[in-house]
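Novice: If you want the building blocks of each chain, they are given just below.
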Amino acid sequence: MSILDIRDLTVDIGRPLVKGLSVQLDAGRIHGLAGESGSGKTLTAMSVLGLLPRHARTGGSIRLGGTELLGLGRRALNRIRGKRIAMVFQDPSASLHPQIPVGRQLTDHMRVHLGLRGAAARRRAVELLERVQVPNPDEALRRYPHQFSGGQRQRIAIACALACDPEVLLADEPTTALDVTVQAGILTLLRELADERQIAVLLVTHDLGVMSAIADVVTVMKDGRVVEHADRETLFRDPQHEYTRQLLAALPGSRIEGGDDHDA
Amino acid sequence: MTHETVLDAQGIVVRYPGNPPVVAVNDVSLQVHAGETVALVGESGSGKSSLARAAVGIEKLAGGTARFLDGEVTPLRVRRRPKHLTGIQMVFQDPSTSLNPRRRIGEQIADGIATARARGAEGSRVEEWLEKVGLPTASVSKFPHQFSGGQKQRIAIARALAARPQLLVADEPISALDASTQTSVAALMRDLVKEAGAGMLFISHDLAVVQRIADRTFVMFGGRVLESGPTAQLWADPQHPYTQALLAAIPEPDGAGRIPSAPSAAERAIWADIPAVQR
Amino acid sequence: MSPREPRMPGRLRLRWPRAWRTPLGIIGSVIAAAWIIVAFTAQWWVPFEPNAQALPRLQAPGVDTLLGTDGNGRDIFSRLMTGATVTIPLALTLVVAALVIGAVIGALAGYFGGWVDETLMRITDLFMAFPTVILAMVVAASLGPSLFNAVIAAVVVSWPQYSRVTRSIVLSLRNQNYVIAGRLLGHSPARTLLVDILPNVAGPLLVLATLDIGAAILLLSGLSFLGLGAQPPTPEWGSMISAAMQNFDAWWLGVFPGLAILTVVLAFNFLGDALRDILDPTAEVTHEKQTELVASSGGGA
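Protein chains in written order, with the numbering used here: chain V, 1 to 264; chain X, 1001 to 1279; chain H, 2001 to 2301.
Derived from the structure by calculation, the hints contain no laboratory data.
The beta-carbon is built from N, C-alpha and C at its ideal position, and this holds for glycine as well.
Don't take every hint at face value.
Below, a sample of chain V positions facing chain X; criterion: calculated Cβ distance under 10 Å [as the list claims (entries may be wrong)]:
(1) 27
(2) 35
(3) 142
(4) 180
(5) 182
(6) 183
(7) 185
(8) 186
(9) 193
(10) 208
(11) 209
(12) 211
(13) 212
(14) 215
(15) 237
Which stretches of chain V does chain X cover? Using the computed rule of at least three CB atoms under 8 Å from a CB of chain X, they are [what the hints assert, rightly or not]:
(16) 69-80
(17) 152-159
Between the sequences and the hints, there should be enough to build the whole structure, so can you do that?
Specialist: Here is the structure:
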């Protein structure tokens, strides 16, 4: 049973950038959206949360349970954002407020969506930080984002996203800005959270290595359209579409035919 | 292939002010020879960028020497760069800020050609370079914003190589690009540099790509080189725990759903203490 | 096809058409343009000689004279329009002069740093430390009351702001990758400044200058009002207001010059605001740019 159902999504900003995309997210599964820049993958994630620029035109349907998200009014959208659907972005420094202590960033979310205050909110904040494995959570509440490393900031951002028990988590290039030894930890965390809390995760990334590590199902996009859709194993071992093969072949560790590093 | 030493860096130390001061590069030595590509690999905070910038003269040296061909690399000051040092060129990480947004790219590549001529090296035509980097010759009259990130990076590469450098320093040139173009751009750089008989110092955090193009690799962590040697050997038989951890952390795009192992805090703590392995 | 194809080939890319998208920008541009046209053509179409004392004195606005006459029998309307030919070109000139002086000083300070920076900035600070109007008054008074000297005084107090803005922009641009790339290619400091840095300084400076025209007009009129600028019989709005104080009942003597100053200053302020919104890189909400940013987000290639 899909939690988030995107059907024939079109996004037009001056020109059509997403041209009919259909994707279903299931609870507890990580759905990868792969593609290069300009493929429309990030726009897709943004349209779920209504984060497109004002002059963007959308078509099709995005349903969360029974609610249609496209065209939803601002107030209704704000009730959903952060509470039922949360998002984690590429740059951990940009998604956390630099001048508000980490604890308050977490409890603010809870105050707005769950009505939790004071000690109860703080307790939950500590639990969340523990779950994302930020060391010394009690002390961490008082500190500011710049006092943490990039990997820890991303963990905090994930904690903020989880603060209100969302049903859906959108992750836009969550590890692209992180070191490879830190990336592994974040990927493990995302996988565990999806399994534990049965969250439906939409993982947007151009990095097929990351896809291969944690995605259950992968949709490949090119120029705003779906080019291939398969479960992870099938996609990597036996890609059907020419574009998917090209993407895989271009990787340095590639086993696909045609991976010639002398391409100019 | 001549084995002329293009860059000879000895005992480089780079410090940034602070309380206490941060030692970004702590006594690192390396050499780059004509015709070879040397990779400098490391994660954020390893000092690889600082080292590269110090070698070029953009960053202040707190200790050690950097020699280019027969002379010393003088810091890039307000005065015009001495002609012989224009034989060192750089490609930067961010393609959007490497080109002047208000000038046509043809003019900017022509700048590189002019630099080569001024130094007595061979001139060339802008169109030649556009072809070499795989861009249509009609691009000459366009402005940077009309190109994608990967294309801008190719333009930056063309400009740098048009100046006929003996040493090309590339500071994370592919990090801002899509995974699908990273390898091809890196390979392009390697090929063009080799064709020109120049040496390249290639900085990256991506061991997988570097493995395809570098002759020798230096692995940096915490301002020091922990392991170095011919790339193939490093890849096949890493000796230092940090190098091993780096290699183990690379996700394999094989569809197996295996998450690479993350080094534990305990393992991280001892990397800096284990002596370096130089091959 | 790129939606952001520059209109003028070369360095300065101003997106004029977009100024017409904000209502205030349109109003400002239209009124400013109207006054500029008046400033350069008034001498050919004003109904009466501005300095001829031929009409009945202190006539209220009516059929014969659109805006009335003053205590010397001169037509207010003609004097008002001619006043534009006096004030506006001078205000434009003084802003350009202040901008050039300030920008050169600021660019040198920002680019060379060190003692050059220290010296030039302390000089800038010195001038900025004085209250603008008072310093202008002192300079004008010591040079002798005349319109020319008032302009000099105004330039003296106006240049420091350009110096500071230019310096801060140059400081930030100095470390941009493309500037460094140019230095590595062996470009001279002059070339780096002119080709790589200055074109990117022009935008913000233009906005500042447009907003400053209003202040310049106020300053010139103010000095003339105090008798330190335009001397009789030159029809200048500030002096006209000053003369109006002697005939308080004849409201038209002061109200119309006052309205003229008001409309010109407001017009240039609106225009400057519109320009700033257009050229401000951080508040970029222009249509095409957002499309570019959104469409290429997600990794960069």
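Novice: Each hint: holds or not?
Specialist: Tested hints:
{"no.": "1", "hint": "27", "in the structure": "violated, 18 Å"}
{"no.": "2", "hint": "35", "in the structure": "holds, 9 Å"}
{"no.": "3", "hint": "142", "in the structure": "violated, 21 Å"}
{"no.": "4", "hint": "180", "in the structure": "holds, 5 Å"}
{"no.": "5", "hint": "182", "in the structure": "holds, 8 Å"}
{"no.": "6", "hint": "183", "in the structure": "holds, 7 Å"}
{"no.": "7", "hint": "185", "in the structure": "holds, 4 Å"}
{"no.": "8", "hint": "186", "in the structure": "holds, 9 Å"}
{"no.": "9", "hint": "193", "in the structure": "violated, 13 Å"}
{"no.": "10", "hint": "208", "in the structure": "holds, 5 Å"}
{"no.": "11", "hint": "209", "in the structure": "holds, 4 Å"}
{"no.": "12", "hint": "211", "in the structure": "holds, 7 Å"}
{"no.": "13", "hint": "212", "in the structure": "holds, 4 Å"}
{"no.": "14", "hint": "215", "in the structure": "holds, 8 Å"}
{"no.": "15", "hint": "237", "in the structure": "holds, 5 Å"}
{"no.": "16", "hint": "69-80", "in the structure": "violated (count 0)"}
{"no.": "17", "hint": "152-159", "in the structure": "violated (count 0)"}
Taken one by one, the earlier hints fail for this structure at numbers 1, 3, 9, 16, 17, listed in ascending order.
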